[in-house]
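Colleague: Chains A and B are the protein sequences, given in the same order.
So the first sequence is residues -10 to 309, counted in my numbering.
So the second sequence is residues 19 to 240, counted in my numbering.
Result set (SDA-like, lysine to any residue): computed pairs, CA atoms no more than 20 Å apart in a straight line:
1) A:LYS(-8) to A:ARG191
2) A:LYS54 to B:ALA227
3) A:LYS54 to B:ARG233
4) B:LYS32 to B:THR98
5) A:LYS54 to B:GLU237
6) B:LYS146 to B:THR209
7) A:LYS55 to B:VAL229
8) B:LYS146 to B:LEU131
9) A:LYS55 to B:PRO234
10) B:LYS146 to B:LEU69
11) A:LYS54 to B:PRO234
12) A:LYS54 to B:LEU230
13) B:LYS146 to B:LEU204
14) A:LYS55 to B:ALA227
None of these hints come from the bench; they were simulated from the model.
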Amino acid sequence: MNKTRMLEIAAVVAMATALILALVVGEEQTMGNLARVLFVHVPSAWLAYMAFVITLLGSALYLWKKDLRWDRLAAASAEVGVFFTTLTIALGMIWGRSTWGVWWTWDARLVLTAVMLFVYLGYLALRRSIPERISRARRSAWLGILGIIQIPIVHFSVLWWRTLHQAPTVLRPGAMQMDPPFRAALFAALFAFTIVYVVLMRRRINLAILEDRFDQIVAAEEREVAGEAITAPRYEDAPETFHAEAQAHGRTRNLSMMLPAIAAIVVVAAVGIVSSQATSLTNWGWVSYAYTVTYVAMIAYVTWLIWRIHTTRRRVEEVR
Amino acid sequence: MSGFWTQALEIARKDLRTEVRTGEVFLITIPFGAVALMLIPLAVGTETALLRNIGSGMYWTIVLLFGVLVALRQSGVEGTTQEDLLSLLGIDPAARFAGRAGATTLLLLAFELVLGPVALALYDPQPKGWLWIAALIPLVAIGLGLLGTLAAAIATSIASMALVPLLVAPLSVPILLAASQTMDGLRYGNTILGWILLLVTMDLLLAVAGVLSARPLQEASR
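Extracted from the complex, chain A is given alone in its bound form (with noise of 0.2 Å):
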C-alpha cells in the first residue's frame, strides 16, 4: 500500500472519528445542538489560514532557492485554500441562516473572508496567464508573499470592529475560552481536517509535476534549434500531435482555471437553493445540513483532483 493511500485511509478514519465525537458532545448552553457546525466551520477557516501561511512559505523559498518544487507547493497549496476558504464561507452561510437569520450580512470577517478568497483567486488566475514556467514562479512567488496580508486583517476584524461574527475563543490573545469536550472535539476535527489537507495536497502536488512535465516536453519540441536552419529531431507526426495536444491541454488547463471558481459558485447557489427550500429545520438538519456539505464538497474536490491527474498523465504519454 502507497503512501498516497494510506494517507487517505487515515483522512477517512479521522473524519469519521471527528465526526462521532461531534454528535456525542453535550448541547452548548446558548446555541444548543446549532454549536456543532462549529466543528467543520472553524476547521475549515483555520486549514485555509494555514494553506495559505503555506503558499507565503513555499514562495518565499522559491525565491531563495529558486527550486521549482517550492512553486508547486505554494501553488497546490493557494489552490487547496481556495477550496476551504469557499468551504468556511458556504459553512459561514449556514451557521447565519440559522443563527441570524440572513444568508449574508455585511459583517467584517464575512466580508474579509470573501476578500482573501478574491486574492488567492488571482493568484490562481496570474499562474494560468503565464505559460513560462520560471516567469511564473517569480511572479506569482511575490503575490504569494503579498497576499498573506489579508490574513491578521481577516482573523483580527472581530476584535477591531464590532462584528455579529463572535470573537475568537481559542487563536485569541489570553486563556481559551472553550469548555474541554468542546475543545477535544475541536481538536479532532483539526486534526482529521489536517490529514485531508496532506491528502489533497499530495494529489494537488502530483498534478503540478505532471503539468510541468507536459509543459517541458511541450516547449522542448517547440523551441528553435539553430535558427530555421537545421531542423530538430521530430517524430513523425509530432507537429500535428504536438500542436493538438498542446491546445487540448490549453483547453485543460483554462477549464481547471474556471473551475475553482465555478465549483464555489456551485456550493454557494446549491446551498442557496436547497435551503431556501427548508427554512423551517430544525437545529439537527441544519447541523446535518452543514456536515453533508463538507463531506459532499471533500469528495467532489478530491474526485476532481483524481480526474485532472489521470487526464494529465495520459497526455503526457500521449506526446513522450
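Take the given structure of chain A and dock chain B to it, following the hints.
Modeller: Chain B alone, transformed into the frame defined by chain A:
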C-alpha cells in the same frame, strides 16, 4: 546615468511627461471618476442625510477603483522595446520601480485632490479634522501608487494585464478601510491613530516589497 535617485527621478519625469502629452488621467480618468460620483446618488437615492453618511466611503471607493486605471495606464505606456532600452541603459530595476511608483502616486494625488471638492459638493459629508485629512490623502495615494505599480510589474504580459484590477482591488482593502475608518473616526471623535498606523505600515511594506522584487521580476520577463 548614475545614482539611484537620479534614475528614479528621470523615470518619474518621463512618465509624467507622457501624461502631460496624452492627458489620459486628467482628461479621461478624472472626468470618469467625477461621473461615477454623480451616478451613485441616482442609484441609491438622493436624500441629503443618506448621501452625507455614505459620501466619504464612496469617495474612497472611487479613488481605489479608478486608481487601478491610473496604474494600468503607466504600465501600458512601456512595451518590451522600451523595457529593453532601459535595461541596456543600465537603469537599476529598483529605481525604475521607485520612479514609476512616484509618478503614479503624483497622478493619484492629483486625482484625489480634484475629486475631493467634487465629492464635497455632491455629498456634503461634512468632514472634520482637516490636518489629519491632509496627511491621509498622500498616504492613500502612496499606498495605491505602490500597490498598482507592483501589481503591474507582476502581471507584465499583455495576457495577464487584464488581471491587474483583480490583483489590486482585494489587496487594497486595508488601504480603503484605513481611509474610510479614519474619516469616520474624525467625524465621530473616535481614535484614528491605529488606522493611520495601518496605512503607514502598508505603505512601508509595499515599498520594501516593490524594491526587493524589482530585479527578480525584471529577470522573469526575459
